[in-house]
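Q: Position chain B against the provided structure of chain A, taking the given hints into account.
Here is what each chain is made of, one letter per residue.
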Amino acid sequence: MAGATFRIWRGDAKGGKFQDYTTEVAEGMVVLDGVLKVQAEQANDMAVRWNCKCGKCGSCSAEINGKPKLMCMTRLNSLSLDEPITVEPMRTFPSIKDLVTDVSWNYRVKQGIKKFTPRKPDFEDGTWKMGQKDVNRIQEFRKCIECYLCQDVCHVLREHRKFDEFAGPRFFVHTAALEMHPLDTQNRVADLKDKHNVGYCNITKCCRSVCPEEIVITENAIIPLKERVVDEYYDPLRKMVMKIFGA
Amino acid sequence: MAEYQTHTYDVLVLGAGGSGLSAAIKASTDGARVGVITKSLLGKAHTVMAEGGVAAALANVDERDNWKVHFADTMRGGQYLNNWRMAELHAKEAPDRVRELEAWGAVFDRTPQGRILQRNFGGHRYPRLAHVGDRTGLEMIRTLQDHGIHQGMEVHMETTVLTLLLDGGRVAGAFGYDRERGRFLLFRAKAVVLATGGIGRAYRITSNSWEYTGDGHALAYHAGADLMDMEFVQFHPTGMVWPPSVQGILVTEGVRGEGGVLRNKEGRRFMFDDIPENYRNQTADNPEEGWRYTQGDRNSRRPPELLTRDHVARCIVREIKAGRGSPHGGVYLDISWIKEKLSNSEEHIKRKLPSMYHQFKQLADIDITKEPMEIGPTTHYVMGGVKVDAETQMSTLPGLFAAGECAAGLHGANRLGGNSLSDLLVFGRRAGEYAACFAKEHGETAIDSAQIERISREALEPFERRGAAEGPYQIQHDLQNMMQDEVGIVRNEHEMKHALQGLASLRERVRRVAVYGNREFNSGWHTALDLTNLLTVSEAVTRAALDRQESRGAHFREDFPEKDPEAAKFNIVVRQGRDGEMQLERQPISEIPAELKQVIEEMR
Chain A
801 MAGATFRIWR
811 GDAKGGKFQD
821 YTTEVAEGMV
831 VLDGVLKVQA
841 EQANDMAVRW
851 NCKCGKCGSC
861 SAEINGKPKL
871 MCMTRLNSLS
881 LDEPITVEPM
891 RTFPSIKDLV
901 TDVSWNYRVK
911 QGIKKFTPRK
921 PDFEDGTWKM
931 GQKDVNRIQE
941 FRKCIECYLC
951 QDVCHVLREH
961 RKFDEFAGPR
971 FFVHTAALEM
981 HPLDTQNRVA
991 DLKDKHNVGY
1001 CNITKCCRSV
1011 CPEEIVITEN
1021 AIIPLKERVV
1031 DEYYDPLRKM
1041 VMKIFGA
Chain B
13 MAEYQTHTYD
23 VLVLGAGGSG
33 LSAAIKASTD
43 GARVGVITKS
53 LLGKAHTVMA
63 EGGVAAALAN
73 VDERDNWKVH
83 FADTMRGGQY
93 LNNWRMAELH
103 AKEAPDRVRE
113 LEAWGAVFDR
123 TPQGRILQRN
133 FGGHRYPRLA
143 HVGDRTGLEM
153 IRTLQDHGIH
163 QGMEVHMETT
173 VLTLLLDGGR
183 VAGAFGYDRE
193 RGRFLLFRAK
203 AVVLATGGIG
213 RAYRITSNSW
223 EYTGDGHALA
233 YHAGADLMDM
243 EFVQFHPTGM
253 VWPPSVQGIL
263 VTEGVRGEGG
273 VLRNKEGRRF
283 MFDDIPENYR
293 NQTADNPEEG
303 WRYTQGDRNS
313 RRPPELLTRD
323 HVARCIVREI
333 KAGRGSPHGG
343 VYLDISWIKE
353 KLSNSEEHIK
363 RKLPSMYHQF
373 KQLADIDITK
383 EPMEIGPTTH
393 YVMGGVKVDA
403 ETQMSTLPGL
413 FAAGECAAGL
423 HGANRLGGNS
433 LSDLLVFGRR
443 AGEYAACFAK
453 EHGETAIDSA
463 QIERISREAL
473 EPFERRGAAE
483 GPYQIQHDLQ
493 NMMQDEVGIV
503 RNEHEMKHAL
513 QGLASLRERV
523 RRVAVYGNRE
533 FNSGWHTALD
543 LTNLLTVSEA
553 VTRAALDRQE
563 SRGAHFREDF
573 PEKDPEAAKF
583 NIVVRQGRDG
593 EMQLERQPIS
603 EIPAELKQVI
613 EEMR
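Protein chains in written order, with this note's numbering: chain A, 801 to 1047; chain B, 13 to 616.
Since the hints were made in silico from the structure, they are not lab data.
Since the structure is predicted, the reported quantities are computational estimates derived from the model, not experimental observations.
Every residue gets a Cβ at the ideal spot worked out from N, C-alpha and C, and that includes glycine.
A hint or two may mislead.
[Stated by the list, open to error] No farther apart than 20 Å at their CA atoms in a straight line, the calculated lysine to aspartate or glutamate pairs in the EDC-like style are these:
| no. | chain 1 | residue 1 | chain 2 | residue 2 |
| --- | --- | --- | --- | --- |
| 1 | A | Lys933 | B | Glu114 |
| 2 | B | Lys104 | A | Glu924 |
| 3 | B | Lys104 | A | Asp925 |
| 4 | A | Lys837 | B | Glu166 |
| 5 | A | Lys837 | B | Glu482 |
| 6 | A | Lys910 | B | Glu166 |
| 7 | A | Lys929 | B | Glu114 |
[Unchecked claim] Quick list of simulated restraints, FRET-style, between CB atoms:
| no. | chain 1 | residue 1 | chain 2 | residue 2 | range |
| --- | --- | --- | --- | --- | --- |
| 8 | B | Trp116 | A | Gly912 | 16 to 26 Å |
| 9 | A | Gly926 | B | Met615 | 25 to 35 Å |
| 10 | B | Gln307 | A | Glu883 | 48 to 58 Å |
| 11 | A | Asp934 | B | Lys373 | 45 to 55 Å |
| 12 | A | Asn987 | B | Asn493 | 56 to 66 Å |
| 13 | B | Trp116 | A | Ser878 | 30 to 40 Å |
| 14 | A | Gly926 | B | Lys353 | 58 to 68 Å |
For reference, chain A alone in the conformation it holds in the complex:
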């Protein structure tokens, strides 16, 4: 057993400050263990979200020593215990209390994305034929645990606050999973261009670097969606054809 100091942000929408808590830690512990230990022993009223404790549910997102991470998957032995470990909420979203933020905006964005609309079933029992190679690509996107760390780190949201115009990396991954689903018949390209403004993304790849599921967000999801928008709206050949034939 050794001692560690957790410098945890305590406060609410009106404001707050960091507070230091020192506690004993043991081999193998993760940041979430330390935070829950502090909660049980020293700060019963501290607000923390968590569920699975093994990186599957995406509830315990926070900024640890300034880096967006899941608390349950951040081992203490990956951090220096000589300095206090700072733990603060995701700063992009409004504070509710302590480490808990208001992420409801994400749920509203998802509601506004056209839902999965399959083609007619291939077989009489109502099922379809899909090969593994046809679904590998979207299975990557469907690994997303909705921790919203990608949203937290995206500068379009974090600095420019474009919550009303921009869907954010999470929902480009979601849209990509729908658009590239072999059975889907819906078209979301117009929404990507005008409503969710995929064009605002300038490919700094910050989202990709924080994804705990290691989804290659920028290259595999966002860039192909940008290409679809370009193909449909900015293809010069197509523009010329439309001009000539007045279509």
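A: For chain B alone, kept in the frame of chain A given last:
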């Protein structure tokens, strides 16, 4: 006077995991106004952690599979204490429910023919589990969530229910609070569906999250509904044991389905040492045959590592107690050995078991493609729950329905892996359907304001206590230790009677529990309020376990180590008596119809 906001629905669903969302989707589709309450954010419920797959006799991988085999497997796994009608409906309807998920956008792993791929799992005769690597639960909850949000249901996230409300002999809604702000909420409803999951937080070592405090069980019990089979708590054989902070986290049965083997510290595959009589015909008697089975050889029998969870867990405990365990008090689960068989084993393991690879690498510094894991049993699931009608899922209280883990019947004395996700889909949908029907056929209910006054006053009392009061976490901790040590995998009368005394003194402590701070997202307050439910379910488990004087399925009594044929004839029902004391009744199991009996006989 308590201040509260009021919401009115036809059907109120408590819980937004697989069964809650299935119920809500069906009830909304059938035209009901539906409200859904979830203690966490939407999409974070326990279903998300399910790994292995959903059991359904699709027969995509082995055409010999059909509902009859699935039914017989489920009954055998449950040691015939199952509600046979539920087992029948489940086996017949699960394939349609899986196909429905595909129609809603789920993307299962595929066979070479482009169909849904199925894998082997403990107790299932043929490869039956539709899956997505080892993250099937995530696929399922996300599919239900993304489909559900377009069906018109209203979701109340981070909301806890304190009590069910009654109007005469019928359920009238629920009263609770939102966790973010601590404001009271009244939900009026013509029908209520409990889909609240399990009770794992009553134990120290568990794969369950903070949410699993037996809310649905306790709410139903206090409203006067019957609970059943509460003595049957499943200890999953393979939970992580090291490092201490991850103790209990689940290691999927899929590891064994893909060829993983169990060994003691002497390197012996001890599962070959004890194969129960009723599984002998179906179990390999040498390692080579077992390996062939996991690789899809249809003429081989399954390795003993894939016997039912109750049996495997007890064999592991036996090895540990005999001093043949691993350094951190478990045994070894080894999938890395398949490198002897497959040249690309490292890649193969990472593709089949990606989150297991990830989990061990990140949390335990173990590379499962190269070295064995240390594992031991972990509290995982409760077979017992609210007693329901097989067709409608209605409890003994009119208008109150239950589905999924918080309902009893399907699994009997032991649940097969993979039968939970299918349970959620089949009976969640049924509960939603019949709850919507009930709401259509019954009028508005009246609300008892005196009950609301009392509950809201009691809920706030922990803020006002001073002096000799103590915080909630130590009480919860002591309860978990006691249940783990005295009502765990191996039970006896002496320890369980001691536990009953312990529960009485814990109840005294709960009456004095105190919290500080304000009502906004106050984890201490939330934990304090959860204690009552944990005590109720712990008492039900302990009393039922004392009453069942035999060993069967997940319930093992060292003072009654054998099965008693007489005890195969009843389920134990728990209810609240008029004086508020817990009452038990042994209810005879209804006769299995001849045609189903024949199915069981044919599959022996």
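Q: Regarding the pair A:Lys837 and B:Glu166, is the alpha-carbon distance no greater than 20 Å?
A: violated (35 Å)
Q: Would you say the C-beta atoms of A:Asn987 and B:Asn493 sit inside 56 to 66 Å of each other?
A: Given range 56 to 66 Å: holds, Cβ gap about 57 Å.
Q: State, for the Cβ atoms of B:Gln307 and A:Glu883, whether the hinted interval 48 to 58 Å holds or is violated.
A: holds (51 Å)
Q: Given the range 25 to 35 Å, decide if the beta-carbon distance of A:Gly926 to B:Met615 lies inside it.
A: holds (28 Å)
Q: What's the verdict on A:Lys910 and B:Glu166, does the C-alpha distance respect the 20 Å limit or exceed it?
A: At roughly 15 Å apart (the allowed maximum being 20 Å), B:Glu166 and A:Lys910 satisfy the hint.
Q: Please test the hint of 16 to 26 Å on the beta carbon pair from B:Trp116 and A:Gly912.
A: Since B:Trp116 and A:Gly912 have Cβ atoms about 19 Å apart, the given range 16 to 26 Å holds.
Q: Given the hinted pair A:Lys929 and B:Glu114, is their Cα-Cα distance within 20 Å?
A: holds (11 Å)
Q: Return holds or violated for the Cβ distance of A:Gly926 and B:Lys353 against the range 58 to 68 Å.
A: violated (38 Å)
Q: Falls inside 45 to 55 Å, the C-beta gap from A:Asp934 to B:Lys373?
A: Violated, since A:Asp934 and B:Lys373 (Cβ atoms, about 29 Å apart) do not stay within the stated range.
Q: Checking one constraint from the list: CA of A:Lys933 to CA of B:Glu114, max 20 Å. Satisfied?
A: holds (17 Å)
Q: Take a quick look at whether B:Lys104 and A:Asp925 sit within 20 Å of each other, Cα to Cα.
A: Judged against 20 Å, a Cα distance of about 14 Å means the pair holds.
Q: Between A:Lys837 and B:Glu482, is the straight-line Cα distance small enough, at 20 Å or below?
A: holds (17 Å)
In this structure, the earlier hints numbered 4, 11 and 14 are contradicted, and the remaining ones agree with it.
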